[in-house]
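Number of protein chains: 2
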Amino acid sequence: MASRQVPKILSRKLVAQSRLLKIEAVDLRFSNGEQRQFERMQGSGRGAVMVVPFIDDETMILIREYAAGMHEYQLGFPKGLIDPGESPEEAAQRELKEEIGFGCESLERLTEVTMAPQFFQAKMTLFVANNLYPEQLPGDEPEPLEKVHWKLADIDQLLAQPDFTEARSLTALLMMLRNKGL
Amino acid sequence: MASRQVPKILSRKLVAQSRLLKIEAVDLRFSNGEQRQFERMQGSGRGAVMVVPFIDDETMILIREYAAGMHEYQLGFPKGLIDPGESPEEAAQRELKEEIGFGCESLERLTEVTMAPQFFQAKMTLFVANNLYPEQLPGDEPEPLEKVHWKLADIDQLLAQPDFTEARSLTALLMMLRNKGL
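Protein chains in written order, with full-length UniProt numbering: chain L, 1 to 182; chain E, 1 to 182.
No lab work stands behind these hints: they were computed from the structure. Since the model is a prediction, treat every value here as computed from it, not as a measurement. The beta-carbon is built from N, C-alpha and C at its ideal position, and this holds for glycine as well.
In silico lysine-lysine, PhoX-like type, Cα no more than 25 Å apart, as pairs:
{"#": "1", "chain 1": "L", "residue 1": "151", "chain 2": "E", "residue 2": "180"}
{"#": "2", "chain 1": "L", "residue 1": "147", "chain 2": "E", "residue 2": "8"}
{"#": "3", "chain 1": "E", "residue 1": "151", "chain 2": "L", "residue 2": "180"}
{"#": "4", "chain 1": "L", "residue 1": "13", "chain 2": "E", "residue 2": "22"}
{"#": "5", "chain 1": "E", "residue 1": "22", "chain 2": "L", "residue 2": "123"}
{"#": "6", "chain 1": "E", "residue 1": "22", "chain 2": "L", "residue 2": "22"}
{"#": "7", "chain 1": "L", "residue 1": "22", "chain 2": "E", "residue 2": "123"}
{"#": "8", "chain 1": "L", "residue 1": "180", "chain 2": "E", "residue 2": "180"}
{"#": "9", "chain 1": "L", "residue 1": "8", "chain 2": "E", "residue 2": "147"}
{"#": "10", "chain 1": "E", "residue 1": "180", "chain 2": "E", "residue 2": "147"}
{"#": "11", "chain 1": "L", "residue 1": "97", "chain 2": "L", "residue 2": "151"}
Pulled a few chain E residues facing chain L out of the computed Cβ check, cut under 7 Å:
{"#": "12", "residue": "7"}
{"#": "13", "residue": "20"}
{"#": "14", "residue": "34"}
{"#": "15", "residue": "39"}
{"#": "16", "residue": "66"}
{"#": "17", "residue": "68"}
{"#": "18", "residue": "69"}
{"#": "19", "residue": "142"}
{"#": "20", "residue": "165"}
Just a sample of chain E residues kept apart from chain L, beta carbon distances all over 12 Å, derived:
{"#": "21", "residue": "131"}
{"#": "22", "residue": "138"}
{"#": "23", "residue": "154"}
Full structure from sequences and hints, please.
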């Protein structure tokens with residue numbers, strides 16, 4: 001794959017820390033001798049999952065949720081961190097039950113994505129869920145999530161929605177469509 | 001769009017800061033009265049761009065670059081922050097010249113994406129570039145970027161590449177393919 005040797009990490013230092021997040025400064029020497037200091041977020045290493053759930057052959061369920069970074073509501077697919085000891089598939093089942101009140105009998109893995117890998121270790125496995133059955137688990141959201149049904153026939157409207165912008169939700173949707181030949 | 005009132009911001013506080021990054025704690029009251037503290041990254045508000053450049057009708061140029069968050073080389077499209085005073089289109093032209101040594105005569109806007117909007121304000125405009133012409137601007141990379149040519153006919157291999165995982169690069173690729181009917 002990579003044709004070059006990764007840079008040598010000369011030193012790592014925790015330079016800032018909040019209740020939930022840690023920022024690390026990393027001194028690096030590249031294979032050409034060049035030295036730089038980069039900053040990156042220290043990941044939990046837990047990984048995350050996202051699921052495109054189909055309630056029938058042509059209807060997906062999305063959720064609309066407050067996004068503090070943007071300070072607005074955003075439309076996207078159910079998602080969450082993998083709990084310690086869980087497989088990605090188990091986390092996907094749990095998140096579906098917590099966020100939309102369904103389990104699923106069929107879970108198809110689409111791919112694994114990263115997000116700004118210059119700064120983050122965050123890996124997320126994307127799934128498609130079929131054959132849903134009702135089962136609710138309690139979530140930890142401050143308010144009930146709004147569930148939104150969307151037909152495959154109306155995909156162009158979804159792609160044009162100003163609150164459907166998250167790159168991992170878009171990747172999951174577009175890859176699912178490509179796999180279906182749509 | 002959003003059917004609910006966004007939560008009221010009761011207070012904001014800078015809780016951690018490094019040379020480049022700032023973490024903010026935000027106390028929120030949701031419309032149902034529930035109060036929570038969320039953490040988010042304080043954005044630069046500058047926005048970013050990413051470009052899918054075509055050197056001919058069937059060949060894209062990608063770059064392979066060290067990604068400190070993952071500590072590995074990653075394949076993706078040229079990208080970067082918008083400089084103060086620049087339009088997204090001007091930033092796209094500059095990044096192409098810095099990262100692959102080409103300007104372009106035609107720039108088609110695909111969409112604007114976000115990344116983990118729970119935590120970030122980061123907005124990135126995705127473009128497709130055609131009719132390239134050679135023009136190099138100096139970049140600030142610690143080592144020369146590896147340029148990788150990829151044929152549209154080999155898209156399935158690109159989607160299966162273990163180092164082509166960034167959700168915004170995947171969104172740009174999949175949306176370009178969808179627009180071309182591929």
